[in-house]
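Visitor: Take the two lone chains and join them into the complex the hints point to.
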Amino acid sequence: MKLSDEARDVLETSLRQNRTGARERQEIDALIAGLPEDRVLLYKNVMSNPVGDLPRYSIHIRLQHMLTFVTFLTLAFTGLPIHFTDSFWAGPFNALLGGVNVTRVIHRTIAAVMIFSMLYHLATIILGPLRQIGLGKFDLRRTILPQWKDLRDFRDDLLYFSGQRPQRPEMDKFMYKQKIHYFAAGFGNTVMVVSGSSFLFPEFWASVLPAGVASHWQELMRLSHPHEALLALLVIAFWHWYNVHLAPGRFPMQWTFLTGKITREHQMEEHFLEYLRNLVELPEERRYLRELLDSRVLDAAARAPAAAYGADTP
Amino acid sequence: MIRPLVAWQKTVAYASLAFVLAWTVFGVYAIWLILTRVD
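Chains as they are written, first to last, in my numbering: chain S, 1 to 314; chain U, 315 to 353.
This is chain U alone, in the form it adopts within the complex (with noise of 0.2 Å):
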């Protein structure tokens, strides 16, 4: 049993998650363009 964050802990996990989910993003559209470019 993993005892339940408390709010300070909520704010920095879900934060740096959030974080990268957004980079996940920026990540998939950077694989994009390197797979799609044409030399």
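In isolation and in its complexed conformation, chain S is listed as follows (with noise of 0.2 Å):
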């Protein structure tokens, strides 16, 4: 396989980052060039743990989401009955907890372990690559900030999608719909902590919002918390779900969120960049590659098209 000059660049880095030998250098640019120009090929015949071969997510990550996965079910398990308190439904529920205000309790002391998660979370993002930078070891195309690049991305996706592209992109540790879906949880979970703390504390809201506007805030505050919750039900339930279960080569459920590892297959199709750095700094996946290379399985895939694919693809 030949490198772009952008997977090189990747490569590249990885390798001065990591301070990689020479001998290490040369036995990386071989399996690099044993590889087949075909990376479908590559991907759909190499062998794949179900709960993950390669690191992705930390403890803290995995910690995190876990938080908010919980937190988010709870909260709008929770907050529906108090909007719709009205509702045949609600008072019977709201009695199972004891009426409407202990349901408001819960639904408050949950969303302070949501924003607790936050803290614990921006923490996290912060002396993460503070610790990177110190080791000589940070590369901001492995981050989730966005780059031109995930604008190319999606744009060789989509052609990719159409059948106007043999392959898809070659893309980083994050890919462009992961950092867009990564935002927009930000955004919302910022909207819902604002507003909720609106409805908790209108006094110091409006103490800090110029005179005038505080009750125009409360509206526009009471109309954001339900209906951003509304959109995160939406997107929870439609996108992240779709993707981390019932999309092709992740069903019936994607692993990495408790394993915090990634399967090789989907390594290399969806973060061949990040895969590349993964050969820099793991041996193991390394002497794996030069097994696969030596049995020439891949060479026996290439020569029977239709099997090579897997059975999964037309």
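No lab work stands behind these hints, which were simulated from the structure alone. C-beta: ideal position from N, C-alpha, C; glycine also. Heads up, some of the hints might be wrong.
Just a few of them, taken from the derived set where beta-carbon distance is under 10 Å, the chain S residues facing chain U [to be verified]: (1) 46; (2) 73; (3) 226; (4) 246; (5) 251.
Guide: And the structure:
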């Protein structure tokens, strides 16, 4: 495989940051040279453990995801009977918990846990890169911050899915779709916290807002809170859960949120640039790839194209 | 090629999927409630 200039640059940066020796460099170059140009052929024929092969998320990120997961569901579940207090089903639900006032207390308590999770995440995304900078291993392309490349990747992915391009683009650790989702979630959380706090502390907001704005602000927040919740429900149910449960290659569930690991197949398909870093950082991954190339499995697959792309590919 | 799931992995994965689908039904109901609310 001949690497693109972009991929070569990512690889060279990783080699430099990891102070990779000449012998290992040669080994990595030889492995990449032995890979087929057709990346679909490659990722459809590697062996993957369904619960994950390669590191992706730290324990902190997994804990934050779990906190978001639990607080989001609980907040939605308790928020609805508070918002629709007069509905026929809200009465019995609130009564089950001890009355609507108890539902409110639960909702606010869980909201406090969600805010803690946000602060925990902020600490992680600030301290993590600082540590990487200190170690001389920071690479902006490896973060979730949007880059111009994401626009090109988006265009190229559309071309691939409409049959105009033979392969998906070489994307980094976080692809354009994940970046949109992440910042949408960040925006949504902020709206929910600000609007929720406006209900709890109206005097505070009246004291910091210009005179005459406070009542309009409360109106705006009363509209924002349930409608942002509605938007979040839509995004979670029809976007996020499709991508991590139902999408081909992920069904019935992607395990990364539990194990912190991604499958080799997925990494090669959607995060090829990160896979190149894995080759630099993980000697065991180089061993796997060497064994795969020596076994001639890819050569055999290339000669039998009907079977080469796996049974799930038309 | 992704190795097939073993029994406990199938249990976790499909239980999680069932939960997600049930929640989606609940989500659709919640959306219907919000959109049909007359203030």
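Visitor: Checked against the structure, which of the hints given earlier come out wrong?
Guide: Structure breaks no hint.
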